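Colleague: As you go down the protein sequences, you meet chains E and D in turn.
Note that our numbering has the first sequence beginning at 143, numbered continuously upward.
Note that our numbering has the second sequence beginning at 1067, numbered continuously upward.
It should be emphasised that the hints constitute simulated quantities derived from the structure, not laboratory data.
Don't take every hint at face value.
Each pair of labels, with its calculated beta carbon distance range [said to hold, decoys possible]:
1. P267(E) <-> T1158(D): 46 to 52 angstroms
2. E1124(D) <-> A262(E): 21 to 27 angstroms
3. A409(E) <-> F1163(D): 37 to 43 angstroms
Cβ-to-Cβ under 8 angstroms is the rule here; a few derived chain E residues that face chain D [to be verified]:
4. M162
5. W188
6. L216
Derived coverage of chain D by chain E (criterion: at least 3 residues anywhere in the stretch with Cβ under 8 angstroms from a Cβ of chain E; other residues may be distant) [to be verified]:
7. 1074 to 1086
8. 1125 to 1132
9. 1135 to 1142
None of these values were measured; they are calculated from a predicted model.
Glycine included, each C-beta is placed from N, C-alpha and C at the ideal position.
The residues making up each chain are set out below.
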Amino acid sequence: VSGAELFDLVLAASLVVTGMLVLTSADFLRAAVLFIAFGLLMALAWMRLLAPDVALAEAAIGAGVTGVLLIDALRHMEWEREAFAAPREAPPPARTGSTARVRVPAGAAAAALCGAMVAAAWHLPSTPSDMPTRVRMQMEPLEQPVTAVLLLFRSFDTLLELGILLLAVLGMLVVRGRRGLGTSVALSPPRDPMLEATVRLLVPIAVCVGGYLLWLGTFAAGGAFQAGVVLGAAGMLLWLSGHRGLDAVRPWIWQALVALGFGVFLATAAAGMLWWGAALAYPRGSVSVMVEVLEGAAALSVAASVVVLFVGLHPSRDTSGGAGR
Amino acid sequence: VIAQHQIFAFTAALLVPLALYVLLTVPHLLRKIVALNVMASGVFLLLVSVARARAAGEPDPVPHAMVLTGIVVGLSVSALAMVLARRIYRETGDTTFYQAEHEPQDEETRE
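Chain E extracted, bound-state conformation (with noise of 0.2 angstroms):
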């Protein structure tokens, strides 16, 4: 065995016991962590399998941002706990939970399922693949081709992309019960003096890691969806150490923002129909600036999506029995 194939049995097993422990692991906070380490041990992973791009996502989305929204849950959940022990009359008895008659079937299922994956690893197709070449030929002007697949050839699964991730700002808008999307720094967390000092080192840093891979993602892995991430975690961290920089952006900057990405997206679209003879289609000769617009929008968009996601997430001031400041 060499040390390469070594290397990979050591991750995948990695994977399988954390992700056991993710899933079963009784005290949830320990889950939550264990499901970031999850996420990076995805990300090396990722590398493994010569997927670069994949991986800065994983890294900052599913690790990341995931992450922190579950711990992020998990804590609220316990503060409500506390503010609701005493006044709610007990809950009516009612079903309990997983029985045998749901495990068995579950098991069952779960079973056949694993049986038919080990099959198809078994039988995974290794006829070289042609695609990576004609990707390659027809990607001009662009120089990714993951990029390229994104915004030229399958433009319309990032279109819907866009769409979902507004969908879901939305949803939560309806669920919270709020009409606008302000980030009031009254709502904020109690501040921290270590936290602030970091978050004044690190917002800089990240806006600038942010930019470059967007820039990058013209020519190597990178791309909107990560820059978008890691300002957005740019976002989290101001909003979180009650810096005030976040009340300069008006409600209605975050609503145009959060629909930016989806806007440009469906006005790059109709133009498309009505003159350059298909939906997403691009004028001859201007690829690489719509590309670059559409990655910029997209980027914002999601940026400003983590933004409010996380923020629209917590309890305001009304739901969290005086856990606000």
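Here the structure of chain E is known, so what remains is to put chain D in place on it, guided by the hints.
Modeller: Using the frame of chain E, we list chain D on its own:
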């Protein structure tokens, strides 16, 4: 000797069913969201393994782009699911779909 893409395809073949089982049997809503995420990671792992298996040099960028899209969709779904879970908790004081007679604490340890 086992090929690299097979190692990760087998990993996916373990992760997806495990996560499916937990998704179906564990009542705690946050755990269901985590299980959904692990399941998605497993599916992505299989997709990228297919791209790796068929790579003669550079791997196929199409599955990579699909996985990238999938990761962002997964984030959107998780975020919305968490808002819904919190709303359910606020309305019922319960972290599950059922009005369980146990405290949420019992729900956790029973797993």
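Colleague: If a hint holds in the structure, say so; if it doesn't, say that too.
Modeller: Against the structure, the hints:
Distance hint check for P267(E) and T1158(D): the Cβ-Cβ separation is about 48 angstroms, which falls inside the suggested range of 46 to 52 angstroms. Between E1124(D) and A262(E) the beta carbon distance is about 23 angstroms. The supplied range of 21 to 27 angstroms therefore holds. For the pair A409(E) and F1163(D), the supplied restraint of 37 to 43 angstroms holds, since their beta-carbon distance comes to about 41 angstroms. Interface hint status for M162(E): upheld, as the beta-carbon distance to the closest one in chain D is roughly 7 angstroms, under 8 angstroms.
Taking 8 angstroms as the C-beta cut-off, the interface hint given for W188(E) holds, the closest approach to chain D being about 7 angstroms. Hint status for L216(E) relative to chain D: holds, with the closest Cβ pair at about 6 angstroms, below 8 angstroms. For the segment 1074 to 1086 of chain D, the proposed coverage by chain E is satisfied: 13 residues have a C-beta within less than 8 angstroms of a C-beta in that chain, meeting the threshold of three. Counting residues of the segment 1125 to 1132 of chain D whose beta carbon lies closer than 8 angstroms to any beta carbon of chain E gives 7, which reaches the threshold of three, so the coverage claim holds.
Only residues whose beta carbon comes within less than 8 angstroms of a beta carbon in chain E count, and the segment 1135 to 1142 of chain D has 7; three or more means the coverage holds.
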